[in-house]
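Dock chain B against the given chain A, drawing on the hints supplied.
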Amino acid sequence: GPLSERPLMEVRLGELHTWISTCDFSPQGLLGTVQKAWNSYYAKYINVRKGGPAGISMLLTGYCLLSYSWNYQHLKRYRWRKYH
Amino acid sequence: MNLSFFDQFMSPSLLGIPLILISLLFPMLLFPSPNSRWISNRYLTLQLWFLHFTTKQLLTPLNKKGHKWALILTSLMIFLLTINLLGLLPYTFTPTTQLSMNMALAFPLWLATLLTGLRNQPTASLGHLLPEGTPTPLIPALILIETTSLLIRPLALGVRLTANLTAGHLLIQLISTATTALLPIMPAVSFLTITILLLLTILEVAVAMIQAYVFVLLLSLYLQENI
Numbered sequence: 001g002p003l004s005e006r007p008l009m010e011v012r013l014g015e016l017h018t019w020i021s022t023c024d025f026s027p028q029g030l031l032g033t034v035q036k037a038w039n040s041y042y043a044k045y046i047n048v049r050k051g052g053p054a055g056i057s058m059l060l061t062g063y064c065l066l067s068y069s070w071n072y073q074h075l076k077r078y079r080w081r082k083y084h
Numbered sequence: 001m002n003l004s005f006f007d008q009f010m011s012p013s014l015l016g017i018p019l020i021l022i023s024l025l026f027p028m029l030l031f032p033s034p035n036s037r038w039i040s041n042r043y044l045t046l047q048l049w050f051l052h053f054t055t056k057q058l059l060t061p062l063n064k065k066g067h068k069w070a071l072i073l074t075s076l077m078i079f080l081l082t083i084n085l086l087g088l089l090p091y092t093f094t095p096t097t098q099l100s101m102n103m104a105l106a107f108p109l110w111l112a113t114l115l116t117g118l119r120n121q122p123t124a125s126l127g128h129l130l131p132e133g134t135p136t137p138l139i140p141a142l143i144l145i146e147t148t149s150l151l152i153r154p155l156a157l158g159v160r161l162t163a164n165l166t167a168g169h170l171l172i173q174l175i176s177t178a179t180t181a182l183l184p185i186m187p188a189v190s191f192l193t194i195t196i197l198l199l200l201t202i203l204e205v206a207v208a209m210i211q212a213y214v215f216v217l218l219l220s221l222y223l224q225e226n227i
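Line order of the protein sequences matches chains A and B.
By the numbering used here, the letter at position 78 of the first sequence is numbered 78, and the numbering carries on one by one without gaps.
By the numbering used here, the letter at position 121 of the second sequence is numbered 121, and the numbering carries on one by one without gaps.
Okay, chain A solo, but in the shape it has when bound (with noise of 0.2 Å):
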């Protein structure tokens, strides 16, 4: 179909900038965009009918993650004041 209606994951390398520029960079449309992501790892992952803890371990695990890069500035200067 149209460059701009395709999801993400069908876009080829090569037409990645020309469609990024066709993305809606509202608020509501950065909102919309956020919302449906959430959706469908949610329905991916968490809302299956024999669902695990591995839907919820990995929203877990990318939360430390994020949380090691929001730290990274103080513990780069920690290891290298500990490791001088």
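One-sided and incomplete, this derived list gives chain B residues near chain A with beta-carbon spacing under 8 Å:
{"id": "1", "residue": "PHE26"}
{"id": "2", "residue": "LEU29"}
{"id": "3", "residue": "ASN41"}
{"id": "4", "residue": "TYR43"}
{"id": "5", "residue": "THR92"}
{"id": "6", "residue": "PHE93"}
Simulated from the structure, these hints should not be mistaken for lab results.
For each residue, glycine too, the CB sits at the ideal point set by N, CA and C.
Okay, now just chain B, sitting in the frame of chain A:
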């Protein structure tokens, strides 16, 4: 050796967004809203079971007027429980270690219970300041003592939560530092310290859950007296 063991309680910010904001909003993702299916997914079923269980526990002692507080008490309980437990994961930030946040939660809710009591049944509320059966000479002293204990309740609520969580996190950090420092020197003692660390982590998980429950339970008790 850690340079400062209190660095874990500073909220770092990246691109101007402090981590505490994400830590406060993340529990929202962990509690999906119920859908309208007859049998929902396992996660949702578990969550609903847990919510019904805690709501029943908290609201059984309250009379009918107190049931208006159901939403705020249950959501507060889930909020504190999730935040406390998430803080035990590596590199995460626990907002409830900040006294400012706990006081902001405790003080308005306590004040709301107090004002509800004073407004709707002032005699009964003030009557709580004097326990039954006190000997007459003790009455003035006891009223002063009970008033002090009443006024110190929000402070106690906030500080209890802060102190328990902060102490727990600090202990975990100290003991793990000791373990890593001892590992090259005396592996046997290091093994002992690792056992202590394991037991401490189990304790911390329990403390995280208990402290959230105690906070909300005490609030519901103050509500019972006043509604």
